[in-house]
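Asks: Okay, here's what each chain looks like letter by letter:
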Amino acid sequence: MTPGEPLIRGDWLLSHVGEIALRVGEHLELTVIAVVVGFLIAFVLSLAALRIPRLYAPITWTTGILYTIPSLALFALLIPYTGLSLLTAEIGLVSYTLLILIRNIVAGVRGVPAEVRDAARGMGYTDRQILWRVEIPLALAVIFAGIRVATITTIGLVTVTALIGQGGMGYFILLGIQLFFSTALIVGALGSVVLAVLADGALVLAQRALTPWTHAR
Amino acid sequence: MAERRGATVELREVTKSYGDTVAVDHLSLTAPAGRICVLIGPSGCGKTTSLRMVNRLIEPTSGDILIDGQNILREDPTQLRRRIGYVIQQVGLFPHRTIGENVATVPELLGWPAARIRARVDELLSLIGFDPARMRDRYPAQLSGGERQRVGVARAMAAEPPLMLMDEPFGAVDPIVRERLQNEFLQLQRAQGITVIFVTHDIDEAIKLGDRVAIMRAGKLVQFAPPGELLAHPADDFVAKFVGSDRGLKRLALLTVGGAELDPPVDPSRLDGAPVLSPAMSLRDALAEMLASETQVGMVRDGDRYLGVLTLSHIGRLLRTEDRP
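If you're matching them up, the sequences are chains A and B in order.
Residue numbers for the first sequence follow my numbering, beginning at 1 and rising by one.
Residue numbers for the second sequence follow my numbering, beginning at 1001 and rising by one.
If you're looking for bench data, these hints aren't it; they were derived computationally from the structure.
Even for Gly, the Cβ is constructed at its ideal location relative to N, Cα and C.
Careful: at least some of the hints might be erroneous.
Derived DEER-like restraints, expressed as beta-carbon distance ranges [to be verified]:
#, chain 1, residue 1, chain 2, residue 2, range
1, A, Leu66, B, Ile1176, 55 to 65 angstroms
2, A, Ala206, B, Asp1285, 24 to 34 angstroms
3, B, Asp1285, A, Pro212, 24 to 34 angstroms
4, B, Gly1129, A, Pro212, 19 to 29 angstroms
5, B, Thr1078, A, Leu50, 14 to 24 angstroms
6, A, Thr68, B, Asp1202, 51 to 61 angstroms
7, A, Ala216, B, Arg1118, 33 to 43 angstroms
8, B, Arg1180, A, Ile52, 25 to 35 angstroms
9, B, Ser1245, A, Ala216, 48 to 58 angstroms
10, B, Gly1171, A, Gly25, 37 to 47 angstroms
11, B, Gly1129, A, Leu210, 25 to 35 angstroms
Excised from the complex, chain B in its bound form (with noise of 0.2 angstroms):
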């Protein structure tokens, strides 16, 4: 696959009111180019309008899009959402379509030769794990809901969009598909570089997720940073409270066994029944595994090598340091 960058989207002072009700309240954010910026806040915070702002399905009242530089309020919608991939958490698919006509839709309406599009359908089914030969002429009905998700995902990227809109595209799947389409879905993203916006309510898809999080509340936006800082410096109550009181843990989740001071190697016969963890471990992961043992310490070895032990001191340690600004 060709090497592409996404896109850069900035939203300058965007408001959106219906009558006296302000749904999203002067909004400014930049979404770095070939990122995913993930838009989340309690119901009716205003993300999924200011998402559907950004390829027209809703009109600002006042505030400027720019993709790339180039104001989106100045283009034809039509044209402009032919650009942009979107998938919804509902998904959409064409129920009388088959999964390759559904995946084929934008390189359609954008008049690509046939045989180019079938190629790019073959492709991406591909990519997202599927038999073409036996997949491509089912009908959505005929797919399960994580498969149909997935199916979604393709249908957004067929025309390879620079910049791509996720609505809760995995809200609608149970926790063990939703992870692995999450994990599916971050190795495309980073093999594709392409800029995404991602509107979720779960606070874990963030994390995992997100390159930057806008918090948002009330159609304005609270914190706007990548989800380490948003952990360990939370700009205000209403954002420690909607990351969580286990917000170290979850910054745990983001930091590896690799990053932490070790104190140095230590007769592994002195540590029976610590358990190895390895450089690459979460430290969520490690510490885990620390605390169902009797040593409560963990013996860290990358392959054969034995790099040190990882106490509870060393990850308090860490959170600490990390706390402060």
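Next comes chain A alone, as it looks inside the complex (with noise of 0.2 angstroms):
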């Protein structure tokens, strides 16, 4: 950093301001693709559990040690496969969603209490009724959890895309780092952050609408 030039300078941002916005969309578009799809593939493996139970261990299994891969290891893994990439990096990020969200999934529609289940099945609703009009609304709470978690977790990782060129709020602190230029590094870092609170008040507002059940007083 020069010396005698201020932590930000606020021409720089006005002058960028529609750089940002451009960062900001990038840093949306991989986070919700990667959460979306990470939903999809962890709720058919959730499904796949709660159906034949003896497939739970291992597909934590599975989720848990790509969960542990340092994200950086993995992109270095990929590279050669999938080159500098938008496929690259949501390889990575979905695979960091999938073992929380298949964790709750699996345990919402478990909690669903026993009498429920069976005054449903007692009165006529066919196993995929239970499913779909009582295990899955039962669980959205306990599965918004866990949206939020991953949400939350990927627009923190997704920093890290900008290295294998792919944008977001990580490009200005790969530049912040590279030209010692502190403006830049706290819009990324600071934008992230925001991001992440943002979107989980989004999601917890879309979970109030959606199980207004949990909330009538």
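Each of the two chains sits in its own frame; use the hints to bring them together as a complex.
Replies: As structure tokens, this is what we get:
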């Protein structure tokens, strides 16, 4: 950092509004794709684990290992196959969402009270109707808790994907490091945090709208 | 409400075994149409297993179950369950659905038109003493235990089933609420003529609600009789013990003052302090009032008519004569 220069330079911010907006958009896009694709994969795997309980251990074991691989290492491993691409970024991001999402979907469905399931079956719901009309809706609160954690984690991880040329707020962090320029560094880091907080808030609101019974008094 | 008749349920040599354990052992009994048939016995006697075989939540190992002569083991279980009401102790209301949506469950599964469902929901909510406009859109968590239990009964009755299965439906509420729910339920059941198979471990509940009571032990039917007969002539020591050493008193609860022999009226001035009894009163309540008074007798009046005098020896004689088979 050049001595005497302020921590944040307002003129730089003003002249880069367009670029900041672009990077925010990239960041959100990378996050949404990762969480949506991750959720779809996790949902299918969870249904399999719920139907065939002995699949649950190998599924959580495998996704647990994926979760522990350092993100930089994972990208480095993928680059020879998928290059410096969006696909490389998303493979990494998606694999980090799976463990938390699967755990919460399965726990949420298993947590449905036995008497509610018994009443549903006793009134003539088919297994499929019990899953879609009773178990999934009642598991929503726990599932949403998983989506929130997955989303926040992903927003943090997306900053790393700048290293493989995918933009996002990580771009400013890299820029700040390379140029010894604190304004860009702060914009990148703070921007990522603000995005995470806003995304979490939006998910809380979405959950409240989808589960009106949890807060009716 | 349209007059409907309940279904007749017949169990023929029904057996359920889990490996070497026999939960229900060649059970045969007929639940008559429009009546309440109570299954009772100690824990593990097979009463709940028997109940759950009637809507095939449990599949019998052998034997047949017939509803109005139709063998239900040849039916699709899901379709079968939609025409049988089902109420359990923990109620099992759907927490994510409003009271109205809960009650509408089976009519919706059966594809009733929306207007008919709505009318039926409001009718049922009124029947269980709710203001439909006020309660329809609430969630189960906003109700008391007794209210939830009422909704459970309404939900089971929604599609006008000819048969209801109830597994200790009033077991989880306090005694005062339980008594009120039992009375309301009896009225509903009588008005709608539904056949009910009712599981309980509470002998007083069985005597109060049952038209027929089946006492089970270790998967076998020990005695199947109207409650009065069960109390008067227990089939064996097990039944006698199960109905309790106060079975004489319990029988009195089933008999009324009007059914007892009376002494001719005497001058009321000689009966100072004697309780006034009505013919509709149970002999048990009459006895309690008589014992508490100085005279130990009761003056029986039907409105303005003075019918006679009830004495302790009349009550004793009634119990003794009814005891003889």
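Asks: Does each hint hold? Answer for all of them.
Replies: For each hint, the structure was consulted:
no., hint, in the structure
1, A/Leu66 to B/Ile1176: 55 to 65 angstroms, "holds (58 angstroms)"
2, A/Ala206 to B/Asp1285: 24 to 34 angstroms, "violated (60 angstroms)"
3, B/Asp1285 to A/Pro212: 24 to 34 angstroms, "violated (49 angstroms)"
4, B/Gly1129 to A/Pro212: 19 to 29 angstroms, "holds (26 angstroms)"
5, B/Thr1078 to A/Leu50: 14 to 24 angstroms, "holds (20 angstroms)"
6, A/Thr68 to B/Asp1202: 51 to 61 angstroms, "holds (56 angstroms)"
7, A/Ala216 to B/Arg1118: 33 to 43 angstroms, "violated (21 angstroms)"
8, B/Arg1180 to A/Ile52: 25 to 35 angstroms, "violated (47 angstroms)"
9, B/Ser1245 to A/Ala216: 48 to 58 angstroms, "holds (50 angstroms)"
10, B/Gly1171 to A/Gly25: 37 to 47 angstroms, "violated (59 angstroms)"
11, B/Gly1129 to A/Leu210: 25 to 35 angstroms, "holds (33 angstroms)"
In this structure, the hints that do not hold are numbers 2, 3, 7, 8 and 10, in rising order.
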